[in-house]
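J.: Protein chains in written order, with the numbering used here: chain A, 18 to 617; chain B, 228 to 518; chain C, 2 to 397.
Derived by calculation from the structure, the hints in this document are not laboratory data.
Away from chain C, derived, C-beta distances all over 12 angstroms, residues of chain A:
id: 1; residue: 126
id: 2; residue: 423
id: 3; residue: 477
Incomplete in silico selection of chain A near chain B, CB under 8 angstroms:
id: 4; residue: 75
id: 5; residue: 127
id: 6; residue: 128
id: 7; residue: 132
id: 8; residue: 139
id: 9; residue: 140
id: 10; residue: 143
id: 11; residue: 262
id: 12; residue: 266
id: 13; residue: 301
id: 14; residue: 302
id: 15; residue: 304
id: 16; residue: 305
id: 17; residue: 308
id: 18; residue: 313
id: 19; residue: 316
Cβ coordinates follow ideal geometry from the N, Cα and C atoms, glycine included.
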Amino acid sequence: MSPLLRRLLILAVGIGAGAIAGIPGLIGGYPQFVMASVAFFSIVVLAVSMVAGLTGIWSLGHMAFVALGAYLAANLSALGVPVEVIAVSAFAVSAAIGFVLGLSAGRFSVLYFGLLTMALSLAASEVIGHWSDYTGGDEGMPVAPARIFLLGIGSLGLQGAVVLTISLATFAFLLADIVAHGSLGRKWLAVKSQRVASTAIGLKPQLENAKAFSLSAGIASLAGLGIAYSISYLDPVGFDLHVGVQLLVATVVGGAGSLLGALLGAAFIVVVPEMARSVPSVSMFVFGLSTVLILLFLRKGIVPTVSAWLARLLGRGQRNSVGEAHAFKADAVADLVRQLLPAATDALEVKDLSVHFGGVRALDGVGLSVPAGKAVGLIGPNGAGKTTLLNVLSGFYQATRADAVTLGDTDLTTLPTHGRAAAGFGRTFQHAELFGELTLRDMFETTAELGAARRKAGGLPAASAAEVAQRIIDGLGLSAYADLLPGELPFGIQKVADVGRVLATGASVIALDEPFAGLDAAERTAIRTILQGMRQAGVSILIIDHAVQEVMDISDRVVAFEFGRLLVEGLPEEVRHHPEVLRAYFGTSEVSAVKKVVAA
Amino acid sequence: MHDLLPVIAAGIVSGSAYALLALGIVIIFRSTDTVNFAIGDTATLGVFVSVTAMQAGAPVAVALLIAITFAGFFGVATERLLVRPLGPGHKSLFIALVVTIGLGLLIHAAIGAIWGHRPITIAPMVPGTVSVFGVALTWNKVIATAIAIVAMVFVAWFFRFTTVGVAMRASAEDHFAARVVGINPGRIAAFAWALGCGLAAIAAFFLAMETSANANLTISALFRAFAGVFLGGLTSMPGAAVGGFAIGILDNIAGRYLSANYRDTIVFAVIVAVLFIKPAGFLGAGRKERV
Amino acid sequence: MSKHFMYRLAGAAVLAASVSIASLAVAQDAPGVSKDEIKLGAWSALTGQFAVYGVPGVAGQTAYYGSLNEAGGINGRKITVITEDHAYNPQQAVAAARKLVDSDQVLAIQGSYATGPSAATFPYLEEQGVPYIMPYGGALDWYEPVRPLIVGAQTLLDYQARALGRWAGKDGFKNVLVVHAAVAAFEKVASNVEPGVRSASQDAKVEMMPVKLGTTDYAPIALEIAGKKPDAIVFIGTIIELSAMAKELKQQNVQTQLFTYGGNVTNDLINLGGEAVEGLRSVSLSYTIDSDQPAVQEYRDALAKFAPNEKPDYGSLLTYGLAKIAAEGIRLADEPLTRESLVKGFEKLKDYDSGILGKVTITPENHLGTTQVLRVEIKDGKWSQIGEFIDSLGEW
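The task is simple: from the sequences and hints, build the whole structure.
T.: Below, the structure is given as structure tokens:
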């Protein structure tokens, strides 16, 4: 479904529901209230579901934000403040609190943060209970009718409040849809699926988590307005932890991250008890039992499971098998790289670097230099410390001691990972580490947005993120895969896409971690062509691989490590025949060693 | 502060119930990565079954065994029928949690339907009181604490010195490795759920004796047990036990010297502070999450 | 799908329209009133933590209306009560209110349980003009100032607390400690103890001690109380907490006279507290359940017949009495019976004696029918009556 169609559908459902509830005499007060209940619960379930789906953070504390919106509405309405002002202020205050909480989310595992938000909910209940001047304490407080500034309506009756609640829900769903399918949503998914790799393209996971939680908290506060006006009386029982747990149930039952799922989940927790009214005291049985049964049989929640069934039914699950050779030329790739990556102007220098893990010396006083626009190969047997060096350059590991880790005048050790991306250092990963929940196109676009500043600074022609993504897709022959998720792609394609991602960052110095590992001959050719293109375009390259021959072919100079120490450094031909290298790789038998190296 | 010792003694007594529940939560979590929210309700159901047995004439000690056994089997059934079908792994973590929430609601409703909503009183095991550090404690509480400590020593012995226990610890560290060395993970999970729910039943049984058997018996205690789990770490059994006792003492000290009104708030503030200083709890290991 | 959907939508609209026309057609009679039936609505906590109060409350009404209908109802009309569960949740209470008024078309809401959830329904009930009669629960602001649609006959907890204070003062206690659950509702009630004590004894010391609602571990609190050495404690909180405190005080050997408000006059308190609550004093809204008053005898018979699962207790006796007053108010209402005439009927109640609760008088200026209470004490494991009904606000 196209975004426009989806948003029109949301709007249509909202207007339809608003009309059914709002036209006098069409339906009675009871169905009106059931609709309002589904509407205000759907707002907060949406908030919980969105943050769970896009960031993997689960919250039991969202009723605190709902309560904030509700009590703010009650207190400000009494002063005659119009709804518009109340909504904006509730949203802003909740979003600010949510932002601070979201910043800390990265410190905890999912479960612990979930339980921490439980503490938030309990704290909110305490505040409501004790701050009775503004909340009425446990006795609750009445809410004055809503005044709408735009329509000039003095005060809104209960039926009007139902329509207001439905409008708030419609707004919340539109907002969530726009954010989730926009640039922010893609960044959040990138952080969720590869927290570490996302920093390498310049994302700040903590900040992204905070933004997501903040937006979610803001949306949740709108549910509070709906509750306040459609019930016109606030009782703290309506905001306690028990309700927070129900929201979790609704989210999981509907399917986390799904808009339709949020609506269904809200309908589930409202309508099931209402339908069970006819049979006294059966509602808890029905509710508990249906929760258990739904999750036993529809494990991912209603909407994701059913849409997967439908997809299978319609045959969309069958992907065309793809295995075309990547027919592109180094010159063409060089052109692509020239458009996307500023040529290197600075040398990457590492001097006397040591990294110790406890007693283990992973790196012991090594150094290397990648002059601007040159390609340097780094080889060495397992345990030589190659990947450790790369991780120090990326900022994933801290150097125990180093004389210099610099890019030009910039001391990289003072920068966090995302800062190094901004300084022009890009990298690829041995296992590709693509963002599991983004299509290739979305991944390139997201990365391209982050790389825009570097391209501009490097004086490259301006291009939108979408254009950059399209160029990479065309230039690397990925058009057949562009709208697929990484999990659906062969490994070779993933590696090409990983290189494509680094092209979108606008980096000038690129480190590649085993780009040839695990690839077949055709795929190696593709990677080789891309690397040659990068070289022609004047980008600095640091390449680490076991495929010694490939490294030799592409590099200006080669460095060999063994056991965390520098073994030898020189021109490829020198290193290839250096006796120490032969020994390190193959023991002492020189003749067979040479054969093996050449064969590799 | 002259009554500090009595306050601490009373705290240890209350803490024994929290510690047992916390231990149950942790044992189950370690074996199957599931936070069992139904553990309190399962234990309460066990207590009601034993109440029926007592009304039919069973002696108290037998009733306690009935409660433990019933809750244990119920736990095994829960794992086998509701949790295992969800499949392993991180993805099902919250699904499993919500399934146990649903189960808890079901049990709560069933207790209301079968035994009604009125509290049912249970005669104490041994009537009378005893003075400890100048505070009068019922024999009931003292016995409860003693049994709780014995149960914890048993658990420690079990995990350290028996084949099944050692296997369970190995399995908690690495499910795959456990399978490779020939430990049946299904049996381990069943054992853990039986043990976890059984320990919770001991706690619920003595709580019921102290007040009454009612459907909300474990709500307040479970809340504090979770606090104890936070404090000690979700993966550490000694941490859970110590955490439970610590919460009992902290709760009593806060109630006595700071404010009888804000004691929950104080307890939770301490937990939140601990979490920020040491997110994995004092004795818990940071769980490895793939980089 | 769209075409099919549109047809169904149109069908639903036609259906809705015809239903509303149909309801207009019978609107000559007031909602819920026909030649031989009066339909009333009620809600209560039938599930969840508060079902322990809600379920017996419903049983008392069931017993009264059951026997009333058996005897022919009111002026030939049988009473039907539709009871909804709200599980003590305000949202569900509002949903219940709307269902009863909108779908079930009840004449009025009667005998409904719980203060907070019910208050949440008032904006809707006021908009619809639905009377709210003889509630089980309530707060001062329901009656002061008078709300046109609410009429009740349950002496407010605030007044009960005042009576307890006066009793303690009259009996010469000089160091009164008021232990109360620290939430606004209980706190307000507890604040009435001191004026009560003062009304009888100027020099007594009254101290407040808030305790977290839901506390079950009373050991530290008992130790703190022991340090204060009060000669009387007035407890304003739930029975589970009261019994926990009483037991703990007994264990720590703290000698003091316990008082508690009428909400805790129930057999469960004696079951839970055992010897620890022997001698505890309270004010009851009704006669004791084993009283030989004829009306109470009728209650026991009706309960055994119509709600056999409930043993006689104060909750169901109170709602039985409230239902009896409600029936009297309906009987006094002028024909045609409408929502307006119903409230006017109640305003005719003057010194009505249900034989169960205090005497009830309702006027247009005062919609709370009684402020009377009966002093009671636990003696030999049973509630026993001390004297006759007194006015909780008076200088008895």
